[in-house]
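Student: The residues making up each chain are set out below.
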Amino acid sequence: MTVNEKELAERVIEISGVNTRKCMKCGKCSGTCPSYDEMEYHPHQFVSMVEKGQIKKLMESKSLWTCLSCFACIERCPRSVEPAKLIEAVRLCVIRQQGANHMKACSVPDSIDENMPQQAIVSAFRKYSK
Amino acid sequence: MTYSYYPGCTLKTKAKDLDRYARLSAEALGVTLEEIEDWQCCGAVYPMALDEIATKLSAVRALDSAKRSGRDLLTLCSACHHVIKRVNNDMLTNDDIRLKANNYLKLDSVYAGETKVVHYLEMLRDTVGFDKIRAAVKNPLKGRRIAAYYGCLLLRPAGVMQFDNPENPTILEDFIKAIGAEPVITPYRNECCGGYTVLEDKKIAERRSGMVIGSAAAKGADTVITACPLCLYNLEANAHGEGAPVVKYFTELLAEALGVK
Ligand code: SF4
Ligand code: SF4
Chain G
0 MTVNEKELAE RVIEISGVNT RKCMKCGKCS GTCPSYDEME YHPHQFVSMV EKGQIKKLME
60 SKSLWTCLSC FACIERCPRS VEPAKLIEAV RLCVIRQQGA NHMKACSVPD SIDENMPQQA
120 IVSAFRKYSK
Chain D
0 MTYSYYPGCT LKTKAKDLDR YARLSAEALG VTLEEIEDWQ CCGAVYPMAL DEIATKLSAV
60 RALDSAKRSG RDLLTLCSAC HHVIKRVNND MLTNDDIRLK ANNYLKLDSV YAGETKVVHY
120 LEMLRDTVGF DKIRAAVKNP LKGRRIAAYY GCLLLRPAGV MQFDNPENPT ILEDFIKAIG
180 AEPVITPYRN ECCGGYTVLE DKKIAERRSG MVIGSAAAKG ADTVITACPL CLYNLEANAH
240 GEGAPVVKYF TELLAEALGV K
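These protein sequences, in sequence, are chains G and D. For the first sequence, numbering that gives the first Met the number 0 begins at 0 and goes up steadily by one. For the second sequence, numbering that gives the first Met the number 0 begins at 0 and goes up steadily by one.
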């Protein structure tokens, strides 16, 4: 863990409010995650990797963009660890950097159609851009 | 009973039916919805990070507006309800967020989570009552087999949303019975439709919503109902093929049953 990465890990813990040490590694969060197949790192791995300070790997992971924020892992974790809050915090560490937005406004017209509700576009901007 | 009403941006545009039938039905049931003035978009997703303050402010403004009117704040869109209810919980329980939000907003008096946030379905259940709705129904939807789709946002996290049992909810099934139809229970009714990832990768929403629609079809449902415009969009986009149910806002069926559609 580099100095920079240690700071990142502290930042993730601070803004997520998650205590990774409460995790008993039961895997229920990943077992219940509907996006499991779309992720390279799964919710329980976010918990252990944040604890080990491996934030850079997580920042490069496509899991950040395929988490649905469905709160299933939050609801069903028997220890109230709330893994999705870590995913959100790592996602913010990425998009809060200058020029690191995952979704750019100019790409939106190609991803929408006439039935798509405003709610979809607003949500995606909130999750994928700053 | 009069509520302050927060429609949200999608109900003014793509989801006009959700709003229109809700207003007509409320009127028929003796409930007055008074749209709050100058409301702003809630942001559609709850900002989970503890240092996200600005993205919570539009919800606080709506909550404070209801507080000044001395009324409960009624929501309808699942996403608006989720955001506003959770931000209200932050204002009630998190000293840091409450202080910073109030420092930004400089309201006449400090907002500290006083407003009660009520979803339209909770109003139907707890204020009007499903028995009274059953009595007010003019065209019972006899013979219709309807699957309730709850999705994520109304139910989770249950500790804050306090909407229904998050794993075995009944409010929509009770609603379906009250309008004279038969509820069809499906295994994916409280699983995600794919949500906003439809802008990242359509295939994710296709798989998620395909399972919801497929299981409703397999159980012989002719209709799936929802309170969420994004669920409706994702489900509808994947409801094709023989025997696929139609996807409707629950308010449309309510208006139909009450004879005000
Ligand atoms: S469900 Fe909770 S306790 Fe179990 S592995 Fe996931 S975070 Fe850890
Ligand atoms: S919130 Fe994200 S990580 Fe948690 S269960 Fe849902 S999709 Fe999986």
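You may find that some hints are simply not true.
[Stated by the list, open to error] Using 20 Å as the maximum straight-line C-alpha spacing, the simulated DMTMM-like pairs for lysine to aspartate or glutamate come out as follows:
1. D/Lys-13 / G/Asp-112
2. D/Lys-13 / G/Asp-109
3. D/Lys-13 / G/Glu-37
4. D/Lys-15 / G/Asp-112
5. D/Lys-202 / G/Glu-39
6. D/Lys-201 / G/Glu-39
7. D/Lys-247 / D/Glu-205
8. G/Lys-61 / D/Glu-255
9. D/Lys-202 / G/Glu-13
10. G/Lys-24 / G/Glu-6
11. D/Lys-99 / G/Glu-13
12. G/Lys-103 / D/Asp-200
13. D/Lys-201 / G/Glu-13
14. D/Lys-13 / G/Glu-13
15. D/Lys-202 / G/Glu-37
16. D/Lys-115 / G/Glu-39
17. D/Lys-247 / G/Asp-109
By construction, these hints were calculated from the structure, which means they are not laboratory data.
Student: For each hint, tell me whether it holds in the structure or not.
Tutor: Now the hints, each set against the structure:
1. At roughly 12 Å between alpha-carbon atoms, D/Lys-13 and G/Asp-112 fall within 20 Å of each other, so this suggested pair holds.
2. For the given pair, D/Lys-13 sits about 18 Å from G/Asp-109 by alpha-carbon distance, which is consistent with the 20 Å threshold.
3. With a C-alpha separation of about 29 Å, the suggested pairing of D/Lys-13 with G/Glu-37 is violated against the 20 Å cut-off.
4. Restraint check: the Cα-Cα separation between D/Lys-15 and G/Asp-112 comes to about 17 Å, which is no more than 20 Å; the hinted pair holds.
5. As the CA atoms of D/Lys-202 and G/Glu-39 are separated by approximately 17 Å, the hinted pair is consistent with the 20 Å bound.
6. In summary, the hint linking D/Lys-201 to G/Glu-39 is supported, as the alpha carbons are separated by about 18 Å, within the 20 Å threshold.
7. Among the hinted pairs, D/Lys-247 with D/Glu-205 is consistent with the structure: their alpha-carbon atoms are about 18 Å apart, no more than 20 Å.
8. For the proposed pair G/Lys-61 and D/Glu-255, the alpha carbon gap of about 44 Å is over 20 Å, so the pair is violated.
9. Annotation: proposed proximity of D/Lys-202 to G/Glu-13 is violated, straight-line Cα distance about 34 Å (limit 20 Å).
10. This hinted pair does not check out: G/Lys-24 and G/Glu-6 have alpha carbons roughly 24 Å apart, beyond 20 Å.
11. This hinted pair checks out: D/Lys-99 and G/Glu-13 have alpha carbons roughly 17 Å apart, not beyond 20 Å.
12. Between the alpha carbons of G/Lys-103 and D/Asp-200 the distance comes to roughly 15 Å, so the proposed pair stays at or under 20 Å and holds.
13. The hinted pair formed by D/Lys-201 and G/Glu-13 fails the criterion: a straight-line CA distance of about 33 Å is larger than 20 Å.
14. Proposed proximity of D/Lys-13 and G/Glu-13 is contradicted: the alpha carbons are some 38 Å apart, above 20 Å.
15. Simply put, D/Lys-202 and G/Glu-37 have alpha-carbon atoms about 10 Å apart, close enough for the 20 Å limit, and the pair holds.
16. Taking the CA atoms of D/Lys-115 and G/Glu-39, the gap is about 41 Å. The hint is violated against a cut of 20 Å.
17. Distance hint between D/Lys-247 and G/Asp-109 is unfulfilled; the C-alpha atoms sit about 27 Å from each other, more than 20 Å.
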